[in-house]
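Each chain, written out:
4 protein chains.
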Amino acid sequence: MSRIKEAILLIHCKDKPGIIAAVTEYILNHGGNILDLDQHTDSVKQKFYMRVSWDLEKFDIPQEEMDTHFKQEIASSFKMSWSLHFSGKRQKLAIFVSKQQHCLFDILARWQTKEWDVDIPVIISNHEDAGETAEKFGIEFYHFPITKEIKKDQEAKQILLLKEKGIDIIVLARYMQILSHGFIDVFRNQVINIHHSFLPAFPGARPYHSAYERGVKIIGATSHYVTEDLDEGPIIEQDIVHVTHRDDIESLVRKGRDLETLVLSRAVWKHIRRKTLVTDNRTIIFN
Amino acid sequence: MSRIKEAILLIHCKDKPGIIAAVTEYILNHGGNILDLDQHTDSVKQKFYMRVSWDLEKFDIPQEEMDTHFKQEIASSFKMSWSLHFSGKRQKLAIFVSKQQHCLFDILARWQTKEWDVDIPVIISNHEDAGETAEKFGIEFYHFPITKEIKKDQEAKQILLLKEKGIDIIVLARYMQILSHGFIDVFRNQVINIHHSFLPAFPGARPYHSAYERGVKIIGATSHYVTEDLDEGPIIEQDIVHVTHRDDIESLVRKGRDLETLVLSRAVWKHIRRKTLVTDNRTIIFN
Amino acid sequence: MSRIKEAILLIHCKDKPGIIAAVTEYILNHGGNILDLDQHTDSVKQKFYMRVSWDLEKFDIPQEEMDTHFKQEIASSFKMSWSLHFSGKRQKLAIFVSKQQHCLFDILARWQTKEWDVDIPVIISNHEDAGETAEKFGIEFYHFPITKEIKKDQEAKQILLLKEKGIDIIVLARYMQILSHGFIDVFRNQVINIHHSFLPAFPGARPYHSAYERGVKIIGATSHYVTEDLDEGPIIEQDIVHVTHRDDIESLVRKGRDLETLVLSRAVWKHIRRKTLVTDNRTIIFN
Amino acid sequence: MSRIKEAILLIHCKDKPGIIAAVTEYILNHGGNILDLDQHTDSVKQKFYMRVSWDLEKFDIPQEEMDTHFKQEIASSFKMSWSLHFSGKRQKLAIFVSKQQHCLFDILARWQTKEWDVDIPVIISNHEDAGETAEKFGIEFYHFPITKEIKKDQEAKQILLLKEKGIDIIVLARYMQILSHGFIDVFRNQVINIHHSFLPAFPGARPYHSAYERGVKIIGATSHYVTEDLDEGPIIEQDIVHVTHRDDIESLVRKGRDLETLVLSRAVWKHIRRKTLVTDNRTIIFN
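Chains as they are written, first to last, in this note's numbering: chain F, 10 to 296; chain Y, 10 to 296; chain U, 10 to 296; chain A, 10 to 296.
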């Protein structure tokens, strides 16, 4: 990650002439030097999307005033939806996991080796299995058993905990529980899940068994933001591996694990870097 | 393709001890030198699969007697399903196509450049568009318009034509018609189709539109043997390409075309080389 | 390709504040609506790269005056290198080929099926083999035998022919001759070659033999602009296929052919769409 | 991994008729049921390769006598090179690492989650950095500083330690030291390295810098057995990722890390499963 202090602005709105000029003018006039700009116009949906980042060194608007200022000067007139981020702040990540820990270990390794410049204040699970791993890495572990009866209350406690810890991103690292609409609503576009299949394909809990029975030659994995529609959230990242008739279910599961791990981490990384923008249940992934 | 005259034997049956020994003994005792053997045991389904090829030079059983002889000596006692092929014989391939010709051109190029050592006696279409291309390459072209009323009769005529031409393989190179059960039954495991999506996924006629709406990050293509269940036949080959939000439908279609072309040709090539074996609606693809 | 008439501007220069604002302002003030903008700043080399396209419908500067006008208004002050293109004009493509025709057939198919909206006035070869194919597709074929003695003269004639035909792009579709510096100089960044290996790797004429001997598990292909340094030109596109010990040289060559075909066509397509920019012997490939 | 106790036999020798029959007969006659057989004949080099595994339950030759017995009955007459393995025995793995720990963490995670059914008695490093990680996972850590002067002695101590621990496989998980011929000789075909590039390509210590300067569109990684010729050992596994001009060196390194991790683990896994056979500085990778 670049060491200079930078501002990142994500914008989407109805397409009309002059948006880029207006925004770049604005940054220029206030002493900002643009580091990267990536823009996309969806000519079918007549929508405009942009990610622009600039050097804050000589920028003359204080961070705390940026939002109001940008709204008055630019955003309002173009009826923009936008979000503003500053590279200084380390993001806080919470990991939800059940019994399988391959994704968990991968994320912890990226954090431990400082590949990911984030804080991980808490690991949450509906089982006790991952507790030992959390301890290994010196991270607080919370065990929230889930049953139909207590689910609502447990989620309420989880939300409190996550708020108290100031969590920015929730990673479902093979968390085999469905989050209620209430929970999702609180953390809109902040919860990232890994689905062990490509989507759409083989809905249900045992995709590798289906894949084996169907005799497919590729298996996939999909990482997406969690929405009310299970496994229907905006897709951030997908990839596949090739398989053959020689791959029994155990082998499919093994290859699938590596794929899930990689696809989830790529997706989280893009989110951390503010490269993702959600619109109409689709994602724009900036360069 | 190796120039030596070789026999190829495809076997599947219930697994039991001694199959490999029996078959390899048999070949050895009759003067055959094994060129390649690929075997697979499905421990879940307790099934045995094998492809073995051997040099015919010193082999002392005449080709025309092989079937009966192998049945008596080996196949019966193991209750084998098997098929026997000889490298000498050039296979005869028929191409079915509608309006889109990208797969057609690709196959014709492989034939023309002698990459594929096959004969292509006939191209069949429900439209006239491909006629000019067929003429370019000096291949007979037959136009069979299809409507609900005449479909049965047209297919009857097609079957006659294909039989008369001694066709071994029928390639549906983007043929946008569903073949009736009657037709499929006549050419069981000889009809190869390309489906412009991975399977299972986005059923229906416009997968790229669905892919666009869903915002997927990969699109796929699947080549399979045609069975009574539309798009549910045994999968021979699958592959994907990565796409982004920048790919509009036109771009998805374009990338999809290249993928369809490649996946279909890979599948047909494997069939030609007798590398495919169908069982329980799945394929075994030998090395 | 979008049907609206659009202008495409490719820019690179030393990075400094205000470039994007200046260019987008300029387009806006003259009635142009930006369709797509892709920008990249190389912070290591302190260089700025941009591709911007806009709708010409309401644009108030005549095409023939654009160059001078843009130079005066914008380019000079930023010391830009730039090129300007208009979507209306169909590009003229010349194909150079030797004996192997797989890339040739692929390109002709894309042209014939109208996937590529270009003209192909001429096919040039140092052998007569491809003449028949050229005739099939109704394209003029020129046979220029090459020997050390006559090479210079033959290239002179080729240049005359290409100029006379108004050729924009020269595709070396497996053309097994090294072009002289003189020739390359005339068509700087207009000659695209396919190298049957990844670069750097296995220099020399028989990479698949080297790959076999070395027992590699992947083979690659590289498409690049031709420069004075053989096989060292700016890379446009690369890809690979996985191989195993079972792939003998014949099989490697066969898999390599498909790869060469695909990689070359992808590269040419990007060039046609004005997505490529060459700088410091590297390419910027815009979205 | 299958739970049944199985024997695995790896064979290579000059090709001649009757090898498969002889070996499968032998297994059959002694009560073994073949679980998997994969054979390959290199018709160019006239060499025969085979991996065969069988169920030991009813097999009537004691494990300790197998070697001698098989030699007398079969191996001698065919002048075979062969190795025999039994699924019961857990293999012992030693990890060599320098400062970068991404491959180390990945391997430890696979061991901890029991994906890999191996023992890891020791982690060895020329730096102290990885000591803390080793402690986390409760594995003995040995710090062997390396300088030109003491290298020979340090390696001697390492060999003693590895022998004492009964190590079967040495994984160089980004170990930035060149092992001397003496060391390699002791652990022939037991030392697996990950090279952060495809081979052959960009020799030297900073391949990602070269890749950036050259503007490549793919970067690769190669896992191979370590031989006297640095980076020239038999290749076990290779793969690539696509990159663009937007990937600066930091980004190339980051993508390269994921690739190295995956490619190394795939290679080690194949070795553990006895799927690899080395011959003429190439590997045969069985199914």
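Incorrect hints may appear among the rest.
In this list, chains with the same sequence are indistinguishable; a pair is considered to hold if it fits within one copy or across any two.
[As the list claims (entries may be wrong)] Calculated pairs, PhoX-like style, for lysine-lysine (alpha carbon to alpha carbon, straight line, at most 20 Å):
id: 1; residue 1: K25; residue 2: K67
id: 2; residue 1: K145; residue 2: K160
id: 3; residue 1: K14; residue 2: K160
id: 4; residue 1: K172; residue 2: K264
id: 5; residue 1: K23; residue 2: K88
Simulated from the structure, these hints should not be mistaken for lab results.
Problem set entry | Those earlier numbered hints the structure runs against, lowest number first | 2, 3, 4
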